[in-house]
Amino acid sequence: MGTLDLDYLKTFALVAELGSFSAAAERLGLTQPAVSLQVRVLEKQLGVRLVERVGRTARPSAAGEELLAHAGRIEAATSQAIEAVARHAKGVLGRVRLGTGATPCAFLLPPLLADLKRRFPDLDITVTTGNSADIVRAVDENLLDIGLVTLPVTGRIFDVAPLFDERFVAIAPLGTDLPESVTAKTLAKYPMILYEPGANTRRITDEWLASGGTDVKPLMSFGSVDAIKEMVAAGLGAALVPEIALRAGDRERLEVRQVTPPFSRRSALVLRRDKRLDRALRETLAALRTLADLDED
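Each residue of the sequence shown is one higher than the one before, counting from 0 in numbering that gives the first Met the number 0.
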């Protein structure tokens, strides 16, 4: 049967509405023979008569009435589709699903996402937080479009673009007597509050603490850097946190020290190599890549 010609369907609906081929032709700016031809082509395609003449009036047949019942919905759906695509041409429109850790989400993304929304109001960004392994798995399964995660990331299917390094500092309750630069051996003397097991960040901090030759058993473990800071501020122990996770008032309620040797975690953008980059995704990626400027500070 093929595909219905939407223009011919519109012509038939107008003939039925006005009850006249000539009136429909005048409304459409066509000749009457042209209108009659369009309706005949539609009838031939469907294999039924759509219009019957009653005197001088053209009325839809029973089959024509059936088609008219669908014509309005077809026209509405077509108009919505055209409008949706037209909005893409005017600017960014669409959904971008971003996955990242709690620290970048809280301390890096708010101004970046606010700027994106200001420039592209129709851009819909959803942000999911989790550990790097879970985020990478979700990108692999196409449940997320982009991951902002901690390296390492393995897999030939991924395009991995390193962005910046997050330097770690030691924090302890206010008044703790610490040297200007803290070693793993010194810090291990205090009860330790660490990141939850299984995360890349926990692996990195465990390796740094092990360099002091001491097997550290944490007092507590948390998935939230804000929770870790609150426990330290309450006097429960010391911790290692990314320096970017320190808010303005944290240095007034915590002892903050650089560590020796220095260590950091590297963050990167991860997406599937076969991911189709529409404009919404391209603009989001471009904004996220500006985070590489953090390494220049």
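I should point out that these hints are in silico values taken from the structure, not numbers from a laboratory. Among the clues, some could well be false.
25 Å max Cα-Cα, derived DMTMM-like pairs, lysine to aspartate or glutamate [unchecked claim]: (1) LYS188 / ASP139; (2) LYS184 / GLU229; (3) LYS184 / ASP158; (4) LYS274 / ASP139; (5) LYS216 / GLU242; (6) LYS9 / GLU65; (7) LYS188 / GLU229; (8) LYS188 / GLU254; (9) LYS216 / ASP277; (10) LYS116 / GLU254; (11) LYS9 / GLU42; (12) LYS9 / GLU64; (13) LYS9 / ASP114; (14) LYS188 / ASP214; (15) LYS274 / GLU254; (16) LYS184 / ASP139; (17) LYS216 / ASP158.
Verification of the hints:
Taking the CA atoms of LYS188 and ASP139, the gap is near 41 Å; set against the 25 Å cutoff, the hint is violated. Restraint check for LYS184 and GLU229: satisfied, since their Cα atoms lie roughly 23 Å apart, inside the 25 Å limit. Under the criterion of a C-alpha separation no larger than 25 Å, the hint pairing LYS184 with ASP158 is inconsistent with the structure, at around 38 Å. Among the hinted pairs, LYS274 with ASP139 is consistent with the structure: their alpha-carbon atoms are about 10 Å apart, no more than 25 Å.
Taken as a hint, the LYS216 and GLU242 pair is honoured in the structure, with Cα atoms around 23 Å apart against an allowance of 25 Å. A hinted pair counts as satisfied when its Cα atoms are at most 25 Å apart, and LYS9 with GLU65 qualifies at roughly 15 Å. With a C-alpha separation of about 20 Å, the suggested pair LYS188 and GLU229 falls inside the 25 Å cut-off, and the hint holds. The straight-line distance between the Cα atoms of LYS188 and GLU254 is roughly 15 Å, inside the 25 Å bound, and the hint therefore holds.
For the given pair, LYS216 sits about 48 Å from ASP277 by alpha-carbon distance, which is inconsistent with the 25 Å threshold. Our distance criterion of 25 Å between C-alpha atoms is broken by LYS116 and GLU254, whose separation comes to about 37 Å. Our distance criterion of 25 Å between C-alpha atoms is met by LYS9 and GLU42, whose separation comes to about 13 Å. For the hint linking LYS9 to GLU64, the alpha-carbon distance of about 14 Å falls within 25 Å, and the restraint holds.
Straight-line distance between C-alpha atoms of LYS9 and ASP114 comes to about 44 Å, which puts the hinted pair past the 25 Å bound. With a CA separation close to 11 Å, the supplied pair LYS188 and ASP214 stays within the 25 Å bound. Between the alpha carbons of LYS274 and GLU254 the distance comes to roughly 45 Å, so the proposed pair goes past 25 Å and is violated. Note on LYS184 and ASP139: the hinted pairing is violated, with a Cα-Cα distance of about 40 Å set against a maximum of 25 Å.
Restraint check for LYS216 and ASP158: not satisfied, since their Cα atoms lie roughly 36 Å apart, outside the 25 Å limit.
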